[in-house]
Amino acid sequence: MAEVDATKIETSTGEVLTEGVPAVEASGARSLAEWLTLAISSLVLLLIVFLVLYDWQLGKNLPPAFQVEVSETSRLTADRYYVPFTLKNTGGRIARTVQVTAELTLPDGSDETGEQQFDFLSGNEQKQGGFVFDHDPQTGELVVRVASFGLP
Amino acid sequence: MWVAELRAILRGAAGSFLFGIPLLYTVEVWSIGSSTNPLRLLLVQAVTFFVVLLLTQIEGFRRSLSIEPLETVLESIEALGIGIICAAIALLLLRRITLETPLSEALGKLIFEGVPFSLGVTLARSTLERRRSDQRRTLSTDSALTVNLRKTMKNSIGSALGNTLIDIDATLIGAIVIAFSIAPTEEIAIIAAGMPPWWLLLVMSASLTISYIIVFASGFTDRTERTQRGLLLSPITETLLAYIVVLAASTLMLVFFQQLTGNDPWQEWLGDAIVLGLPASVGGAAGRILA
Numbered sequence: 001m002a003e004v005d006a007t008k009i010e011t012s013t014g015e016v017l018t019e020g021v022p023a024v025e026a027s028g029a030r031s032l033a034e035w036l037t038l039a040i041s042s043l044v045l046l047l048i049v050f051l052v053l054y055d056w057q058l059g060k061n062l063p064p065a066f067q068v069e070v071s072e073t074s075r076l077t078a079d080r081y082y083v084p085f086t087l088k089n090t091g092g093r094i095a096r097t098v099q100v101t102a103e104l105t106l107p108d109g110s111d112e113t114g115e116q117q118f119d120f121l122s123g124n125e126q127k128q129g130g131f132v133f134d135h136d137p138q139t140g141e142l143v144v145r146v147a148s149f150g151l152p
Numbered sequence: 001m002w003v004a005e006l007r008a009i010l011r012g013a014a015g016s017f018l019f020g021i022p023l024l025y026t027v028e029v030w031s032i033g034s035s036t037n038p039l040r041l042l043l044v045q046a047v048t049f050f051v052v053l054l055l056t057q058i059e060g061f062r063r064s065l066s067i068e069p070l071e072t073v074l075e076s077i078e079a080l081g082i083g084i085i086c087a088a089i090a091l092l093l094l095r096r097i098t099l100e101t102p103l104s105e106a107l108g109k110l111i112f113e114g115v116p117f118s119l120g121v122t123l124a125r126s127t128l129e130r131r132r133s134d135q136r137r138t139l140s141t142d143s144a145l146t147v148n149l150r151k152t153m154k155n156s157i158g159s160a161l162g163n164t165l166i167d168i169d170a171t172l173i174g175a176i177v178i179a180f181s182i183a184p185t186e187e188i189a190i191i192a193a194g195m196p197p198w199w200l201l202l203v204m205s206a207s208l209t210i211s212y213i214i215v216f217a218s219g220f221t222d223r224t225e226r227t228q229r230g231l232l233l234s235p236i237t238e239t240l241l242a243y244i245v246v247l248a249a250s251t252l253m254l255v256f257f258q259q260l261t262g263n264d265p266w267q268e269w270l271g272d273a274i275v276l277g278l279p280a281s282v283g284g285a286a287g288r289i290l291a
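The listed protein sequences correspond, in order, to chains A and B.
Heads up: the first sequence begins at 1 in this note's numbering, then just goes up one per residue.
Heads up: the second sequence begins at 1 in this note's numbering, then just goes up one per residue.
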């Protein structure tokens, strides 16, 4: 076994001597620098494992729940009203294909609707979007709600 | 001692980026990572550790040829650590993890992207170590170009120019090998659209730094030998020139796949080319040290 290793080292140093790069760095006992690398690597791994476990405990069995906040002020650009909103998953688990719908009922009885779908919404994640209306949302009654979602 | 260890780590990081970057530009990996439950994430991490452990027995980012059983375990831990740190840097750079990302999603992306990055650390030497020159393919019949090149190589300026051309050629080949499979995907547009304009500067500097590390700082090639050949005497100049070649190649690949057309605004051209330039410059750097 030792013999095989010795020949290996010899050929590879021989090979590399022509190119000038040492193929084998000093083997044997670990240097201080190598211990430092190990320590930092172990810390990183432990931190990851700890965070995963912590997150697991935190959001264990909380199903997705949603909170939609519609901004009071709408922006008027080129005769259209833009209403921004913020969607937040207040639960612990992830939800897929979250559908947000908006319904604007105007004083004359007519209404305008809009809908927006979000592919992924993790626990505690918050995402933003907007609805676009032809009429001023301030003049009518605007209802924005989450209509449906899927579980992964 | 410290320099040797830093080189070993940078070698691992270089392999990590080369191996991990194709999966970094995959939307499915982000969403799989985001939607996996914590217990399964730990399982994925454990399986990765096991695979890295097996690989470490025959490969590794350190240059020792024989290895103690305990040492394989320690080196595997280091490979995972380096891989995860590189994956974290890459995810932050491409804004797949930001301050707003919830913890569970960030951890999922990090652990899943960490798999190819950690494997890359272990495979660093076998993918990036230079082959012996007699194993390189050469043209059996001299074409007019090579004959002319050889004639001009007789004087030193001609030789420098020839070597520079070889370097550019190698950069192009490497860039195409890595980035050609990424160019037609929608990830480029998704990533570029998620970045504020000034963030592109970060991506550019990261591309330059990683390319510099692979070629000059990781000790895959001998620097004295490299500085002797080539018109590009200074490593910085060579890295910059290679990056320009890489950006041009990225743009051409995007145009080839009709990801960029004349109707797109120039901002999109710029953003997409820089975002694809990251994998392309990693490939280009690998191409240069293997050429």
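Check before you lean on any hint, since a few could be wrong.
[Claimed, not checked] Heads up, incomplete: computed chain B residues facing chain A, CB under 7 Å, no partners named:
| # | residue |
| --- | --- |
| 1 | E78 |
| 2 | L99 |
| 3 | P102 |
| 4 | L103 |
[Unchecked claim] Here are the computed lysine to any residue pairs in the SDA-like style, where the Cα-Cα straight-line distance is at most 20 Å:
| # | chain 1 | residue 1 | chain 2 | residue 2 |
| --- | --- | --- | --- | --- |
| 5 | A | K127 | B | Q258 |
| 6 | A | K127 | A | V68 |
| 7 | A | K127 | B | G194 |
| 8 | A | K127 | B | Q267 |
| 9 | A | K127 | A | D108 |
| 10 | A | K88 | B | P196 |
| 11 | A | K127 | A | Q57 |
| 12 | A | K127 | B | P102 |
| 13 | A | K127 | A | R93 |
| 14 | A | K127 | B | A193 |
| 15 | A | K88 | B | L99 |
| 16 | A | K127 | A | Q116 |
| 17 | A | K88 | B | A248 |
| 18 | A | K88 | B | T101 |
| 19 | A | K127 | A | G150 |
| 20 | A | K88 | B | L103 |
| 21 | A | K127 | A | V143 |
| 22 | A | K127 | A | S71 |
| 23 | A | K127 | B | D264 |
| 24 | A | K127 | B | I190 |
| 25 | A | K88 | A | G130 |
| 26 | A | K88 | B | E100 |
| 27 | A | K88 | A | Q117 |
| 28 | A | K127 | B | A46 |
| 29 | A | K127 | B | P184 |
| 30 | A | K127 | B | G262 |
| 31 | A | K127 | A | R145 |
No lab work stands behind these hints, which were simulated from the structure alone.
Ideal Cβ placement from N, Cα and C applies to all residues, glycine included.
**Asked** Are the Cα positions of K127 of chain A and I190 of chain B separated by 20 Å at most?
**Response** OK: K127 of chain A and I190 of chain B at ~16 Å, within 20 Å.
**Message:** What's the verdict on K127 of chain A and P184 of chain B, does the C-alpha distance respect the 20 Å limit or exceed it?
**Reply:** violated (28 Å)
**Pair hint outcome, K88 of chain A versus Q117 of chain A [Cα-Cα no greater than 20 Å]** = holds (13 Å)
**Message:** Hint check: K127 of chain A vs D264 of chain B, CA-CA at most 20 Å. Holds or violated?
**Reply:** Not OK: K127 of chain A and D264 of chain B at ~27 Å, beyond 20 Å, violated.
**Prompt:** For the pair supplied as a hint, K127 of chain A and A193 of chain B, is the alpha-carbon distance within the 20 Å limit?
**Reply:** holds (16 Å)
**Agreement of K127 of chain A and Q116 of chain A with the hint, judged by alpha carbon distance not exceeding 20 Å** = At roughly 12 Å apart (the allowed maximum being 20 Å), Q116 of chain A and K127 of chain A satisfy the hint.
**Message:** Run the distance test for K127 of chain A versus Q267 of chain B: straight-line Cα separation, threshold 20 Å.
**Reply:** Not OK: K127 of chain A and Q267 of chain B at ~25 Å, beyond 20 Å, violated.
**Request:** Could you check if L99 of chain B really has its C-beta closer than 7 Å to a C-beta on chain A?
**Result:** Not OK, violated: L99 of chain B not within 7 Å of chain A, min 12 Å.
**Prompt:** For the pair supplied as a hint, K127 of chain A and G150 of chain A, is the alpha-carbon distance within the 20 Å limit?
**Reply:** holds (17 Å)
**Item:** K127 of chain A paired with P102 of chain B [C-alpha distance capped at 20 Å]
**Value:** Roughly 11 Å between the alpha carbons, so the hint for K127 of chain A and P102 of chain B holds.
**Request:** Below or equal to 20 Å on CA atoms is what counts here, so check K127 of chain A against G262 of chain B.
**Result:** This hinted pair is violated, its Cα atoms lying about 32 Å apart.
**Prompt:** Does the structure keep K127 of chain A and A46 of chain B at a Cα separation of 20 Å or less?
**Reply:** violated (32 Å)
Hint compliance for this structure: hints 2, 5, 8, 9, 10, 11, 17, 23, 28, 29, 30 are not met, and every other hint is.
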